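Protein chains in written order, with the working numbering: chain A, 1 to 137; chain B, 1 to 296.
FYI, nobody ran anything at the bench for these hints, they're computed from the structure. Computed from a predicted structure; not experimentally measured. Just so it is clear, CB atoms sit at the ideal spot from N, CA and C, and this is done for glycine as well. Only true hints are included.
Looking from chain A toward chain B, a few residues come up when the C-beta cut is under 7 Å (computed):
#1 E89
#2 P92
#3 T117
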Amino acid sequence: MSSASNATDAAVIKAFAAIPALLEQAPALIVRARFLDCECLLGPTGHPFHASIRSGRIVELAPAPVLMRSWRFAYRASPAAWAAYWQSEPRPGWHDLLALTKRGEAMLEGDLHPFMTHLQYFKDVLALPRDHFAVAS
Amino acid sequence: MSGYIEPMVGRYVHVDIGGETHRIYFEENGQGNSEAIPLVCLHTAGSDARQWRHLLADEEFAKSFRIIAFDMPWHGKSNPPASWNGEEYQLTTARYTETIRAFCRALKLEKPVVMGCSIGGRIVLNLAIDHAAEFRALIGLEAADFQAPWYDTTWLNRPDVHGGEVCAALVSGLIAPQSPDVTRTETLWGYKQGGPGVFKGDLYFYRADGDLRGRVDAINTKVCPLFLLTGEYDFSCTPEDTKRTAAGIAGASVTIMEQLGHFPMSENPEQFRRYISPVLGEILNQSKQSRQGVQV
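The shape of chain A in the complex, shown without the other chains (with noise of 0.2 Å):
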C-alpha cells in the first residue's frame, strides 16, 4: 500500500472518530432521530467502527472488532470513498451514501429497518466531517 493511501485511511479513520462530537453541535440533526436506538457498524471497510445510537445520539463509537459485540446494519465504504464523500463539492457518482453502494465502493448490509427509516439522517450524519475533512499530505 502507498504511503499516500495509507494517509488516506489514516485521515478517514480519525475523520469518523470525531463523528459523535460533531453531531452533538448539530441539535437539530439529532431531533430528527429521537426514536431511534440501534447498533450499527459504519466507517471504512477495513477500519469500521462499532456505534451505540440512543435517541439520535452517538453514544458510543468503538473501533472495531469487539468481542462478540452485535449489529444490526452495516454500512462500510472504501478509504477513497468517504475521502471523496466528504469533499466540499463531491464528484459525481460520488455525492451519496447509495451512490457510493451503486458504484460498488460501499456495502450495505443486516436489517435494514433502521437505516430506511432514518435515512436521511444517516447521510446526513455520515457527511459531518465534510466541512472538516483534510487529508494528511
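Given chain A, work out where chain B should sit, using these hints.
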C-alpha cells in the same frame, strides 16, 4: 414583494382515460399569443407539476410557448378517478402514453412539444417510438431506455416506514451538491407529499413495464426532433445511460448538464435555464422555418 401574483394559472380539465373521466389539474402560462407553441411538461415519479413552476413563470419562454404542466392522476391536485377502490396503483407504459395523448387532445393542442423528466423522460422515448408524428419535438430530461436499479422499491410503501420521509431521503442524493438549499428543499417537499404507494406505482413503469431496450432504434428524428439532456450528478439515470440510449437513435441531440442532478427544472432552475434555453430556441427556429416554408 407582497401582493405579487405569478403569471401562471391553474385549472381542471376533464380527460377521458381508459374509458373513465379524470379531473386533471394543470397550470399554464403563455396562452395570450395565438401562435405560441404548446409545451407540455411531465413531472417525475412520485411528485407533481409544481416541479415546473420556474419554467412556467419564465416570461421570455412564455412569449413563444404556451407552457403547460399537469399533475398525473394520483399526483398533486389530480385525484385518483372515481372508480378507484384503494387497489394498488401501478403505472404502465400503455396507461402513461394514453394519459399524455388524451390530455393533449382534451386541450386541443396542435403538435405540442412534450418535455418529460425521469419517468417523463422515459415515456418521451415511447412517444417518439410510437407517436412521433403527433409532436413538434420531444425533450427527455434524465431519460434512457433503461437504467440499473439501485434500491428495492418495496421500502417506498410499507406501514412501518414513513413513506414521505423515505421517498424524499432516497431521491435527495440525486440532487447535485451545488443546487441551492431552498430549491433542494422544495424539490424534496414534493416527494414528502406524495400519496402512499404512488412513487412505488410510478416506478412499476420505470423498472418493470417500460424497458425500451431494443426499441429506440425505431425512432425517426426527421419526423420529430429528439433532445436528451441529463445532469452529471444523476446516478439513477446516468449520463452514460443517456449516451448509450442516444447512440442507438440517429439524429438525437444529447447534452450533459453540469452541476445538475435528476431534477434539473426544480433543483436549480437557473442552471437548468442555461441548458434548456438553446433547445427551446432551436425548436422555435425550426417552427418558424416550417411556417415560412408553407407560406412560400
